[in-house]
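Chemist: Here is what each chain is made of, one letter per residue.
There are 2 protein chains.
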Amino acid sequence: MELLKKRIIEDGVVKPGKVLKVDSFLNHQMDVALFQEMAREWKRRFADADINKIMTIEASGIGIAAVVAAEFGLPVVFAKKAHSINLDGSVYTSKIHSYTHQRDYDVIVSKKYIGKTDRVLIIDDFLANGCAMDGLVEICEQAGAEVVGIGIAIEKGFQQGGAELRARGLRVDSLAIIESMDDQTGEISFR
Amino acid sequence: MELLKKRIIEDGVVKPGKVLKVDSFLNHQMDVALFQEMAREWKRRFADADINKIMTIEASGIGIAAVVAAEFGLPVVFAKKAHSINLDGSVYTSKIHSYTHQRDYDVIVSKKYIGKTDRVLIIDDFLANGCAMDGLVEICEQAGAEVVGIGIAIEKGFQQGGAELRARGLRVDSLAIIESMDDQTGEISFR
Numbered sequence: 001m002e003l004l005k006k007r008i009i010e011d012g013v014v015k016p017g018k019v020l021k022v023d024s025f026l027n028h029q030m031d032v033a034l035f036q037e038m039a040r041e042w043k044r045r046f047a048d049a050d051i052n053k054i055m056t057i058e059a060s061g062i063g064i065a066a067v068v069a070a071e072f073g074l075p076v077v078f079a080k081k082a083h084s085i086n087l088d089g090s091v092y093t094s095k096i097h098s099y100t101h102q103r104d105y106d107v108i109v110s111k112k113y114i115g116k117t118d119r120v121l122i123i124d125d126f127l128a129n130g131c132a133m134d135g136l137v138e139i140c141e142q143a144g145a146e147v148v149g150i151g152i153a154i155e156k157g158f159q160q161g162g163a164e165l166r167a168r169g170l171r172v173d174s175l176a177i178i179e180s181m182d183d184q185t186g187e188i189s190f191r
Numbered sequence: 001m002e003l004l005k006k007r008i009i010e011d012g013v014v015k016p017g018k019v020l021k022v023d024s025f026l027n028h029q030m031d032v033a034l035f036q037e038m039a040r041e042w043k044r045r046f047a048d049a050d051i052n053k054i055m056t057i058e059a060s061g062i063g064i065a066a067v068v069a070a071e072f073g074l075p076v077v078f079a080k081k082a083h084s085i086n087l088d089g090s091v092y093t094s095k096i097h098s099y100t101h102q103r104d105y106d107v108i109v110s111k112k113y114i115g116k117t118d119r120v121l122i123i124d125d126f127l128a129n130g131c132a133m134d135g136l137v138e139i140c141e142q143a144g145a146e147v148v149g150i151g152i153a154i155e156k157g158f159q160q161g162g163a164e165l166r167a168r169g170l171r172v173d174s175l176a177i178i179e180s181m182d183d184q185t186g187e188i189s190f191r
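Chains as they are written, first to last, in this note's numbering: chain A, 1 to 191; chain B, 1 to 191.
If you're looking for bench data, these hints aren't it; they were derived computationally from the structure. Do not rely on the hints blindly, as some may be mistaken.
Stated by the list, open to error - On the chain B side, residues computed to face chain A include the following (Cβ under 10 Å):
(1) A65
(2) V67
(3) A70
We put the CB at the ideal spot given by N, CA and C, even for glycine.
Take the sequences, apply the hints, and build the full model.
Modeler: Structure, rendered in structure tokens:
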């Protein structure tokens with residue numbers, strides 16, 4: 001999606017350790033007008049997919065997913081990290097490793113909000129090694145729900161997450177796939 | 001707001017310890033069509049307020065705030081809990097006590113995304129003791145930004161947060177204020 005790529009070039013900052021900072025518009029400050037354009041793009045791309053639920057994971061996926069859900073006219077369910085005493089015991093759960101925070105954590109979705117009749121579009125801001133996405137797909141599998149698509153804002157194409165998910169037959173649709181980036185020059189190239 | 005109160009009566013569940021579970025539509029599964037109605041209501045109520053930025057706190061405020069931001073045509077910034085290595089050092093910070101999770105944590109907002117020229121509407125799903133809101137207001141004060149309003153979906157009117165914020169002269173606009181609730185009968189009454 002050209003609008004997003006242009007924005008990444010303009011406002012993204014490449015940091016050492018293959019980190020791309022896009023917190024001016026994607027995952028700290030959020031440019032919701034951009035999210036609306038992204039949502040319309042996914043609506044076009046998944047027009048045939050007969051989706052009935054949007055899923056994401058806290059925290060930075062929630063804003064994009066909410067705007068996507070508004071565009072599709074569907075509810076969202078977001079997977080929660082670790083246990084909250086406000087949730088009943090009856091949950092699907094998966095363990096995820098976060099490279100950003102260097103730790104494992106559990107993600108949970110209440111059994112009430114995902115089930116056999118659901119055709120799910122998973123939305124997230126980033127796809128890199130794919131750990132978070134594996135966890136969400138696993139939760140859908142536990143629930144008997146079908147993952148009809150995975151919509152990613154920015155995929156780090158030089159990490160293995162996207163390739164592995166596609167190799168499993170999942171339909172991964174990333175609006176911008178980064179082929180390489182250089183923290184010395186700041187250069188970013190797209191696939 | 002009658003639509004929200006009706007939904008709380010229909011789908012909210014009162015649990016021991018003054019807990020109101022609304023995770024079927026507000027903070028786990030999210031009814032984004034309802035959020036859009038809530039956003040329109042706040043747009044009407046804050047029509048005079050000359051807001052230029054929406055602020056919230058992760059995680060469950062983000063979905064509502066994103067939909068509100070879409071309605072207002074404004075960006076959102078969400079305060080992050082604890083430190084992420086993806087953020088630069090230059091942040092405003094405040095310490096918050098969570099009664100839900102029984103611990104203190106730091107919330108941060110990058111100095112790049114809040115400043116002296118900002119007129120902020122803070123949005124959150126719940127207001128009870130007000131700890132999270134105090135933290136967000138403190139961050140705005142550090143930044144020299146003006147908090148022109150606080151929009152809350154559900155205020156627990158029997159806890160002190162709302163009264164204390166209003167006593168400080170802050171404009172708190174809660175769409176549903178719960179006067180009392182009973183986990184034996186399930187009864188909920190509104191102010």
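Chemist: How about A70/B: closest beta carbon in chain A under 10 Å, or not?
Modeler: 5 Å, holds
Chemist: Against chain A, is A65/B within 10 Å by beta-carbon distance?
Modeler: Given a least distance of 7 Å, the restraint on A65/B holds.
Chemist: Holds or violated: is there a CB of chain A closer than 10 Å to the CB of V67/B?
Modeler: 6 Å, holds
Taken one by one, the earlier hints all hold for this structure without exception.
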